[in-house]
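Peer 1: Residue numbers (the working numbering), protein chains in the order written: chain U, 1 to 135; chain E, 1001 to 1468.
One thing to keep in mind: the hints can contain errors.
Said to hold, decoys possible - Derived pair list, reagent style DMTMM-like, types lysine to aspartate or glutamate, alpha-carbon separation capped at 20 Å:
no., chain 1, residue 1, chain 2, residue 2
1, E, Lys1143, U, Glu75
2, E, Lys1136, U, Glu52
3, U, Lys77, E, Asp1268
4, E, Lys1412, E, Glu1436
5, U, Lys77, E, Glu1436
6, E, Lys1195, U, Glu75
7, E, Lys1136, U, Glu75
8, U, Lys128, E, Asp1268
9, U, Lys124, U, Glu42
If you are wondering where the hints come from, they were derived from the structure by calculation, not from laboratory data.
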Amino acid sequence: MPFEFLPHTADVRMNVSGKSLEELFCDALRGTMQFLSPNAQENAARVQHTIEISSPDVTALLVDFLNAALSSAQENKETYADVTIKDLAATHVSATVSGYPVQSFGNDIKAVTYHEADVHKNEKGEWKTTIVFDI
Amino acid sequence: MFDISVLKETSENLWEIPKSFRSDMRVSALVYASEAMLKEISRDRSLEQLVNVATLPGIVGYALAMPDIHEGYGFPIGGVAAFDAQEGIISPGGIGYDINCGVRLLRSSLTLPDAAAHLEKLGSAIYREVPSGVGKGGRLTLKGKEFNRVLERGAPAVVAMGYGTKEDLAHTESEGCIADASSEPVSERAKSRGKDQLGTMGAGNHFVEVDVVEKIFDPAAAQALGIFEDQVTVLIHTGSRGLGHQIATDHIRIMMRAMSEYGITLPDRELACTPFSSKEGGEYFAAMAAGANFAWANRQLITWEVRKAFAEVFGEKAGVLDLVYDVAHNIAKIEEYKIDGVNRKLIVHRKGATRAFPDQPVIIPGSMGTASYVLVGQEASMHKSFGSTCHGAGRRMSRTQARRQVDVKELKQRLSEKGIVVNAGSLAGLAEESPESYKNVDEVVEIVHAAGIARTVARLRPIAVVKG
Chain U
1 MPFEFLPHTA
11 DVRMNVSGKS
21 LEELFCDALR
31 GTMQFLSPNA
41 QENAARVQHT
51 IEISSPDVTA
61 LLVDFLNAAL
71 SSAQENKETY
81 ADVTIKDLAA
91 THVSATVSGY
101 PVQSFGNDIK
111 AVTYHEADVH
121 KNEKGEWKTT
131 IVFDI
Chain E
1001 MFDISVLKET
1011 SENLWEIPKS
1021 FRSDMRVSAL
1031 VYASEAMLKE
1041 ISRDRSLEQL
1051 VNVATLPGIV
1061 GYALAMPDIH
1071 EGYGFPIGGV
1081 AAFDAQEGII
1091 SPGGIGYDIN
1101 CGVRLLRSSL
1111 TLPDAAAHLE
1121 KLGSAIYREV
1131 PSGVGKGGRL
1141 TLKGKEFNRV
1151 LERGAPAVVA
1161 MGYGTKEDLA
1171 HTESEGCIAD
1181 ASSEPVSERA
1191 KSRGKDQLGT
1201 MGAGNHFVEV
1211 DVVEKIFDPA
1221 AAQALGIFED
1231 QVTVLIHTGS
1241 RGLGHQIATD
1251 HIRIMMRAMS
1261 EYGITLPDRE
1271 LACTPFSSKE
1281 GGEYFAAMAA
1291 GANFAWANRQ
1301 LITWEVRKAF
1311 AEVFGEKAGV
1321 LDLVYDVAHN
1331 IAKIEEYKID
1341 GVNRKLIVHR
1351 KGATRAFPDQ
1361 PVIIPGSMGT
1371 ASYVLVGQEA
1381 SMHKSFGSTC
1391 HGAGRRMSRT
1401 QARRQVDVKE
1411 LKQRLSEKGI
1421 VVNAGSLAGL
1431 AEESPESYKN
1441 VDEVVEIVHA
1451 AGIARTVARL
1461 RPIAVVKG
């Protein structure tokens, strides 16, 4: 399963995995957007944004990337189902996110936190991390 | 699971994790709780998080947990930590993403018999007047200088536009404005997220609730606050919305990058901090203060909306809904305390904790369907808890678990049988906020009352709940 939601006393934990680092970033973004539970606008034109982020390490990079996408979604009232990673290294990502405007969201995420986040490759070669949303 | 055998009860319902527990602790950690509560608290990571707070540079006295403590991210929710203004840090994680989330209590001249037959209509009117949910804008969209004025002047800025009175400001913590606020370190994205959110409630645990005063514990204090038995009151619980979330996100990122310059290493990234006296620390404080001002303006505008709903339903009979008090429970303030006989300027972080200065009203919202409390701060809070007390019931069940366990139809029926009218935008959200998801607020309040940091004045019972 690319992402699953687990209990946390006050907030929401999401476990994410991917066969590659690129897939991990894409799955984490899809999980974040799914949690927001967007109410789609009918017949809306497709939207697209470029996100470029640099961070001190790969874990911070993922959290900062998700926060940038979340902020854009909430600021512009949009949801992004598709991600194209143009460039990804341990401390830099450049990606295009695309999707649709929404009427509102069913759930709120105040922020994607660094708490418990740890991007790593396990012994099977899969990329994994936990992400905690402050809701 | 935290091994509670390491905690020593230093006085009744006050427990200490000694500094010797972990080599990186700079001070001890203190927890206000009964033994039964402590067992429950130890099940999640909140005590481990409290120990982490005790390691932060410049922490003064102790890291403190209130009885409603539960696991957060970095700092626990229900915690207080004070840092020296010269040598200590400021940490956005010690305030939280919802800057100046807080509560205000309005009192009416109506009694329950006056309102009982109109609750459905009142609930609907409030639901209509106060926009709620995620991504829904409010009635006021401000831009440029007007928006910056709200960030820098807070509730007085919207009162100047006609959305309230000077009397309202006199009954608001810091009169609804932290003067150190600046709109400059607030990013354009944060401003954009907040531009249409003034006067909106949001979602999650935020609500507007009509209550009735069920019990008076302290008649003299209640009289001084204009509260009497059977009186209809209104509780407003919300914060700085997307603006505050973005300020926290932006500045945690800035601090994470800057920390190494100050030689700060942390057990958890979410504790990201820099010295208060640093450029980054000063900018965060000014931005946080702007977020806090926005939240006070937000609750002020919601007050105007609630007054409009009351007037719509009750006409002139509604009278004036006076403000009892408005208090923050996610904030950092510069305050002075006497430590070992010396006055020191401290940066007091309250994350899920309420200011409780002597004789200051304290509003403690309970869970939907149980009770909320009015207290007044006590002198002892100034030397026992950095002028602070608890902030609510505190969650005990995860939102996921609540969604699984709570039957929403049954919950609505149960609330209806208790005479509570519910208007909620999201049924799943309603399940998450069910009474069984929270600790017993009566027990939480009993602990702070017995500790002498805040005295109970009155208990409120909900009669109409409005949620996003």
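Peer 1: Hint numbers the structure violates, sorted upward?
Peer 2: Violated: hints 2, 3, 5, 9.
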